[in-house]
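Residue numbers (the numbering used here), protein chains in the order written: chain A, 7 to 436; chain B, 158 to 278.
Source of the hints: derived by calculation from the structure; they are not laboratory data.
Do not take every clue at face value.
One side only, chain B facing chain A, incomplete, derived with CB under 7 Å [said to hold, decoys possible]:
hint, residue
1, Arg162
2, Thr165
3, Ile167
4, Ile208
5, Thr210
6, Gly217
7, Ala221
8, Lys226
9, Arg247
10, Ala272
11, Ser276
Far from chain A, some chain B residues (derived; all Cβ distances over 10 Å) [stated by the list, open to error]:
hint, residue
12, Gly172
13, Ile179
14, Ile184
15, Glu195
The model shown is predicted, which means the values in this text are computed figures rather than measured ones.
Yeah, the Cβ is synthetic: ideal placement off N, Cα and C, and Gly gets one too.
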Amino acid sequence: MTDANTIIERGRVGILVIGGGPAGLAAAVAAKRAGVDDVLIAERDRMLGGILNQCIHNGFGLHTFKEELTGPEYAARFISQAAELRIPYLLNTMVLSVDRDRNVTIMGREIGVRTITADAIVLAMGCRERSRGALSIPGYRPAGVYTAGTAQRLMNIEGFRIGKRVVILGSGDIGLIMARRMTLEGAKVLTVAELMPYSGGLKRNIVQCLNDYDIPLQLSHTVVDIRGKRRVEGVTIAEVDQARRPIPGTEVSYDCDTLLLSCGLLPENELTRMMKAGISPVTGGASVDDLLQTDIPGVFACGNVLHVHDLVDYVSEEATLAGENAAAYVSGSTGRSAADAIVEIGVDGGVRYTVPQRIDVGHMRDSVTVRFRVADVYRDRTIAVYRGEKCLSRRKTRVLAPGEMEQVKLKKEELAGLTADEGLRVVLED
Amino acid sequence: MAETRELTCINCPLGCALTVTIDGENITVTGNTCPRGEAYGKKEVTNPTRIVTSTVPVDGGDIARVPVKTASDIPKDRIFAVMEAIHAVRVKAPVKIGDVIVKDAAGTGVDIVAARDVSAA
Numbered sequence: 007m008t009d010a011n012t013i014i015e016r017g018r019v020g021i022l023v024i025g026g027g028p029a030g031l032a033a034a035v036a037a038k039r040a041g042v043d044d045v046l047i048a049e050r051d052r053m054l055g056g057i058l059n060q061c062i063h064n065g066f067g068l069h070t071f072k073e074e075l076t077g078p079e080y081a082a083r084f085i086s087q088a089a090e091l092r093i094p095y096l097l098n099t100m101v102l103s104v105d106r107d108r109n110v111t112i113m114g115r116e117i118g119v120r121t122i123t124a125d126a127i128v129l130a131m132g133c134r135e136r137s138r139g140a141l142s143i144p145g146y147r148p149a150g151v152y153t154a155g156t157a158q159r160l161m162n163i164e165g166f167r168i169g170k171r172v173v174i175l176g177s178g179d180i181g182l183i184m185a186r187r188m189t190l191e192g193a194k195v196l197t198v199a200e201l202m203p204y205s206g207g208l209k210r211n212i213v214q215c216l217n218d219y220d221i222p223l224q225l226s227h228t229v230v231d232i233r234g235k236r237r238v239e240g241v242t243i244a245e246v247d248q249a250r251r252p253i254p255g256t257e258v259s260y261d262c263d264t265l266l267l268s269c270g271l272l273p274e275n276e277l278t279r280m281m282k283a284g285i286s287p288v289t290g291g292a293s294v295d296d297l298l299q300t301d302i303p304g305v306f307a308c309g310n311v312l313h314v315h316d317l318v319d320y321v322s323e324e325a326t327l328a329g330e331n332a333a334a335y336v337s338g339s340t341g342r343s344a345a346d347a348i349v350e351i352g353v354d355g356g357v358r359y360t361v362p363q364r365i366d367v368g369h370m371r372d373s374v375t376v377r378f379r380v381a382d383v384y385r386d387r388t389i390a391v392y393r394g395e396k397c398l399s400r401r402k403t404r405v406l407a408p409g410e411m412e413q414v415k416l417k418k419e420e421l422a423g424l425t426a427d428e429g430l431r432v433v434l435e436d
Numbered sequence: 158m159a160e161t162r163e164l165t166c167i168n169c170p171l172g173c174a175l176t177v178t179i180d181g182e183n184i185t186v187t188g189n190t191c192p193r194g195e196a197y198g199k200k201e202v203t204n205p206t207r208i209v210t211s212t213v214p215v216d217g218g219d220i221a222r223v224p225v226k227t228a229s230d231i232p233k234d235r236i237f238a239v240m241e242a243i244h245a246v247r248v249k250a251p252v253k254i255g256d257v258i259v260k261d262a263a264g265t266g267v268d269i270v271a272a273r274d275v276s277a278a
């Protein structure tokens, strides 16, 4: 094994994994198991595990480990796999820039500013939260306005109390989880307001985080004012119309000291853009092929930096694939067809995007999992896959919601000889 | 007269929509996609339970708090009693994942256990 400092001194590494959260850990473990000895993880935080460290609630790992774990327990499983495989990592270390030839500028407490060239890169930087600035909420800028994830970190890792009377804007999962968390710690959560006519979070979290504690969820509502100069003193919530504009006369005032924002996650792709890799305008992440390879050879992406996931289990699965493919790339065994033989996957009828966005039929694995999200809440629809006019698969669903990721499996044998002209589409049908 | 209740399974993030039919002693669950869903549906209409997670302050550790959880699910109406038991403790580093932090929390018969390692700083 080569330690992290030796790799940095050498200025060259087989696979650089950027990010030591669930995606980065699974990718690094898979790459190492696939036979690449030379894998390095660069992690910005002071510990491995990423967002899982602050997700102290249970519900992780049912798919991966067939048991229900908390976030830290799930992270610990992968951290110990990485330790057993002696995968070197750098903490408190940030990648500042990457170019298309995979030259990386990296900065860390122990190493200073260094450059290193990687034979392959796995992008696993995760995502960040949509902030107040991005939401354009009027009012003063007092203390007491937090994104839900920031509040979660402050409470669960740093050990601070955030506030006593709380309003939450946005019904994303972190907001729902924090509604319960703050209630258990003695705060009064007055309401959760959601701009859309449906929740952005998982159904189970509405049940066990809101309903269990009688916290009202107000759909089609938003915050129209924040009061207080030094500290939040209250917020005003109004109902919105179909165009999501506040309806005059529906304003209700809440006295509170804290406003949490759980209004969506944004893949953190500064490095991806710096490399000028193709980005999907829908996901905000890199556009990838069935190897999870970006349009820059040797650069792979997985986890929430690629598209925001609902389950960490799917992150681990996807990242394992990215790690294996990065390993195959380094050992020269990933065949790829000419660009015109690669088929873009089309979407229709409420399917917003797919990941991967395109597929190399000539070199694909026997089966490829295609993940996607839908644009609205749909009842009793069928998910169908079409090759040209021919339907390859259909699956009935009871309820589809934007907060939940769906998937279809594509089989190599069904796609033999497929051309871009013929086309491949994932659609929702009545 | 059979009573039916529509529930969302909380066992995993799939959140299956369950229909539970209660006909006296006879409870049937449909809509589940795994055996855990059936067990949840039956339990939720008779004796609802939850896993409780929180954090406990750590003295002398490399992080300030250790995440903890109930080793198994506890009755839903005992959640706040269990939280009181969790609030009453502090621990000293090092802590190992799985260490018992509170034995038999609030008389539920269920232990509170650590959910991660905390090294001594």
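Evaluated hints:
1. Arg162: violated (12 Å)
2. Thr165: Nearest chain A Cβ about 5 Å off; hint holds.
3. Ile167: holds (4 Å)
4. Ile208: holds (5 Å)
5. Thr210: Hint on threonine 210 of chain B: holds, closest Cβ of chain A at ~5 Å, below 7 Å.
6. Gly217: violated (14 Å)
7. Ala221: Given a least distance of 4 Å, the restraint on alanine 221 of chain B holds.
8. Lys226: For lysine 226 of chain B, the interface hint holds, since the closest Cβ of chain A sits about 6 Å away, which is under 7 Å.
9. Arg247: Hint on arginine 247 of chain B: violated, closest Cβ of chain A at ~11 Å, above 7 Å.
10. Ala272: Given a least distance of 4 Å, the restraint on alanine 272 of chain B holds.
11. Ser276: Nearest chain A Cβ about 10 Å off; hint violated.
12. Gly172: With a cut-off of 10 Å, glycine 172 of chain B comes too close to chain A, as the shortest Cβ separation is near 4 Å.
13. Ile179: holds (18 Å)
14. Ile184: holds (19 Å)
15. Glu195: holds (15 Å)
Consistency note: the structure conflicts with the earlier hints numbered 1, 6, 9, 11 and 12.
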